[in-house]
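Novice: As you go down the protein sequences, you meet chains A and B in turn.
Be aware that the first sequence starts at 1, since it is given in the numbering used here, and climbs by one per residue.
Be aware that the second sequence starts at 1, since it is given in the numbering used here, and climbs by one per residue.
No lab work stands behind these hints: they were computed from the structure.
There's no promise every hint is true.
Pairs involving identical chains hold if they fit within one copy or between any two copies, as the list cannot separate such chains.
Computed list of lysine to aspartate or glutamate pairs in EDC-like fashion (alpha-carbon distance at most 16 Å, straight line) [said to hold, decoys possible]:
hint, residue 1, residue 2
1, LYS265, ASP276
2, LYS253, ASP223
3, LYS180, GLU321
4, LYS197, ASP223
5, LYS233, GLU145
6, LYS106, ASP89
7, LYS81, GLU33
8, LYS165, ASP191
9, LYS203, ASP223
10, LYS25, GLU11
11, LYS167, ASP290
There are 2 protein chains.
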Amino acid sequence: MTTNTQILLAETPREKLESSHFQIKKGSVPTPEDGQVLVRSVLLSLDAANRAWMQGATYKSAVEAGQIMHGYAIGEVVESKSRTYSVGDVVAGEFGWQEYASINAKAVRPVGDHRPLTHHHSVLGIAGLTAHHGLLEVVGINEGETLLVSAAGGSVGSLVGQIGKIKGARVVGVAGGPDKCHWVVDELGFDACIDYKEGSLSKALRQHCPNGVDVYFDNVGGDILQAALFAMKMHGRISCCGAVSQYDAATPKGPRGVPGLLVTKRLTMRGFIAMDFPALDAEALTDLGDWAASGKLKVVEDVLEGLESAPQGLIGLLAGENRGKRMVRVGPDPA
Amino acid sequence: MTTNTQILLAETPREKLESSHFQIKKGSVPTPEDGQVLVRSVLLSLDAANRAWMQGATYKSAVEAGQIMHGYAIGEVVESKSRTYSVGDVVAGEFGWQEYASINAKAVRPVGDHRPLTHHHSVLGIAGLTAHHGLLEVVGINEGETLLVSAAGGSVGSLVGQIGKIKGARVVGVAGGPDKCHWVVDELGFDACIDYKEGSLSKALRQHCPNGVDVYFDNVGGDILQAALFAMKMHGRISCCGAVSQYDAATPKGPRGVPGLLVTKRLTMRGFIAMDFPALDAEALTDLGDWAASGKLKVVEDVLEGLESAPQGLIGLLAGENRGKRMVRVGPDPA
Chain A
1 MTTNTQILLA ETPREKLESS HFQIKKGSVP TPEDGQVLVR SVLLSLDAAN RAWMQGATYK
61 SAVEAGQIMH GYAIGEVVES KSRTYSVGDV VAGEFGWQEY ASINAKAVRP VGDHRPLTHH
121 HSVLGIAGLT AHHGLLEVVG INEGETLLVS AAGGSVGSLV GQIGKIKGAR VVGVAGGPDK
181 CHWVVDELGF DACIDYKEGS LSKALRQHCP NGVDVYFDNV GGDILQAALF AMKMHGRISC
241 CGAVSQYDAA TPKGPRGVPG LLVTKRLTMR GFIAMDFPAL DAEALTDLGD WAASGKLKVV
301 EDVLEGLESA PQGLIGLLAG ENRGKRMVRV GPDPA
Chain B
1 MTTNTQILLA ETPREKLESS HFQIKKGSVP TPEDGQVLVR SVLLSLDAAN RAWMQGATYK
61 SAVEAGQIMH GYAIGEVVES KSRTYSVGDV VAGEFGWQEY ASINAKAVRP VGDHRPLTHH
121 HSVLGIAGLT AHHGLLEVVG INEGETLLVS AAGGSVGSLV GQIGKIKGAR VVGVAGGPDK
181 CHWVVDELGF DACIDYKEGS LSKALRQHCP NGVDVYFDNV GGDILQAALF AMKMHGRISC
241 CGAVSQYDAA TPKGPRGVPG LLVTKRLTMR GFIAMDFPAL DAEALTDLGD WAASGKLKVV
301 EDVLEGLESA PQGLIGLLAG ENRGKRMVRV GPDPA
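Isolated chain A (complex conformation):
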């Protein structure tokens, strides 16, 4: 434990994120100050939001060029100058893209006993809470309604569609490429999945949602949101979770149909993030844990090996190459 491999955002990307925007640095292991813990990172979460953070302040401050890349991770306390945590405790927090972080004990939270640890990034982590709150709290879904989910094979979309099925909805996904679309139907149990890279999206929406869409869970924004707006039923609801199609764009495009179609169809669009409903987290995690244990909910994880795989892993995630929750194993599980 002498060097601390770190990945910096070397340059703020203006358009497409590339590996040249990152830089690996061999730093030193920081010494925790009073009130801090030194954490060894175990599993680093990769999220489309990581890219959004480079564009400027969002729900958190921006990542600036020259800084250690921001990231949420699970790790093990290896040294403690806090009365809250002891060596060996497993914690989660904003440790960044590095092997070791010294961080204020108040800025971390304990990770529960459930194993495998990877589940705390997927079904029992931010992905699970995002899917549960974003579908059931932000817009709601009723039996027999048609639910459309973009990025259907991704960390959140794969869970949203399955939760929709558990609640009795007809679920149509949108994903890229025939293989992923077949997988979304065959493995995740969606009723249909539209390949947005193939043919007319509007035509496919008319075919697969002949009576229109009651609820659209939007992970992507852009052209897919635009097509979905035209496919919405009267009084439809749109849960706005992210805009991954726009994060690499120098000048993001707004969807035609806003606000015109919102008026004529009386649509509601509502944005949220996972942390907006803390009072409901415990109930959501109970649901998610029960559904996963009973096999009603398939947990799909995509674990890359080694911190150095993070830049390409994020770039690939933005291109849609992951299936389920992508994360990076930075080091071995705690003993």
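We have chain A; now place chain B onto it with these hints.
Specialist: Below, chain B without anything else, positioned relative to chain A:
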């Protein structure tokens, strides 16, 4: 009562609406059939939505080229083949841009005893209901909140801002030109009014809404909606009432920031039309009537003379030349 002056939509406009898109026709006075009433039109409402109807089906079917232009009007029953209405009754309905209409009695509604009759198009009509429901029901407004209203001098905006003041909000308007902006502040009592034709809208929003916007009442869409999105506070609400800036556009533009800013600021956008809350109409009309009678709410009306003034009146309305509720006097008030 031998000829029936009618105005047709001669050609569907692709971009800017012009008087050449209309055509005057001298038709005959229709004979009512069983169940119908013959109505003499008195006051024809002009609304930005009239232009939207030319773009295709909205919340009602499209106006097609060659048809009598659609329009909502107040008139007097001059012949009745219905047991519901008698000669001399004052009624409202979709009589279109013409002097006389034969219409099914079920498609008209009686107009109450309140006079002047013009109020039934403004404060006690669709404009009043749109403002009341759209502000108080669709998004709500709390004392001390900052309310931004576009088309602040228009039929709906002029009422929305005043209702916001009655409810204790800080109200900032957006309107075109210094004269209209001064009038919005001096006559309607808004706290400030931004001239969107002058300088940077974003800068003006920062100046006049230094703590951000809690509620944006959007009558216009387009660039003003886009700037408002960037000025919204966390958890802000947007009431989507119309998109007048887009009705003359061949290819409407969507606002950048949708859905990105909806997510990061957890905004809600909700579209509606006046007719969505029939159970609340009576209460709203009581409020509006009381406020108008007590002088808390100034009723501003812009009455053009003669059916032939309708085309230019609508074109001018789309350019923002009206102050308050614009309508056309087609004939004298019933005796």
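Novice: Next, verify each hint and record whether it holds.
Specialist: Against the structure, the hints:
1. LYS265 - ASP276: between (27 Å within a copy, 11 Å between copies)
2. LYS253 - ASP223: Answer is both: 9 Å inside a copy and 13 Å across each meet the 16 Å cutoff.
3. LYS180 - GLU321: within (9 Å within a copy, 54 Å between copies)
4. LYS197 - ASP223: For LYS197 and ASP223, only the intra-copy Cα distance (11 Å) is at most 16 Å; the inter-copy one is 30 Å.
5. LYS233 - GLU145: Within one copy, since 10 Å is at most 16 Å while 32 Å is not.
6. LYS106 - ASP89: within (14 Å within a copy, 73 Å between copies)
7. LYS81 - GLU33: within (7 Å within a copy, 90 Å between copies)
8. LYS165 - ASP191: Within one copy only: 9 Å inside a chain, 50 Å across chains, cut-off 16 Å.
9. LYS203 - ASP223: within (14 Å within a copy, 30 Å between copies)
10. LYS25 - GLU11: Classified as within: same-chain Cα gap 14 Å, cross-chain 67 Å, threshold 16 Å.
11. LYS167 - ASP290: within (14 Å within a copy, 47 Å between copies)
In summary, this structure violates none of the numbered hints.
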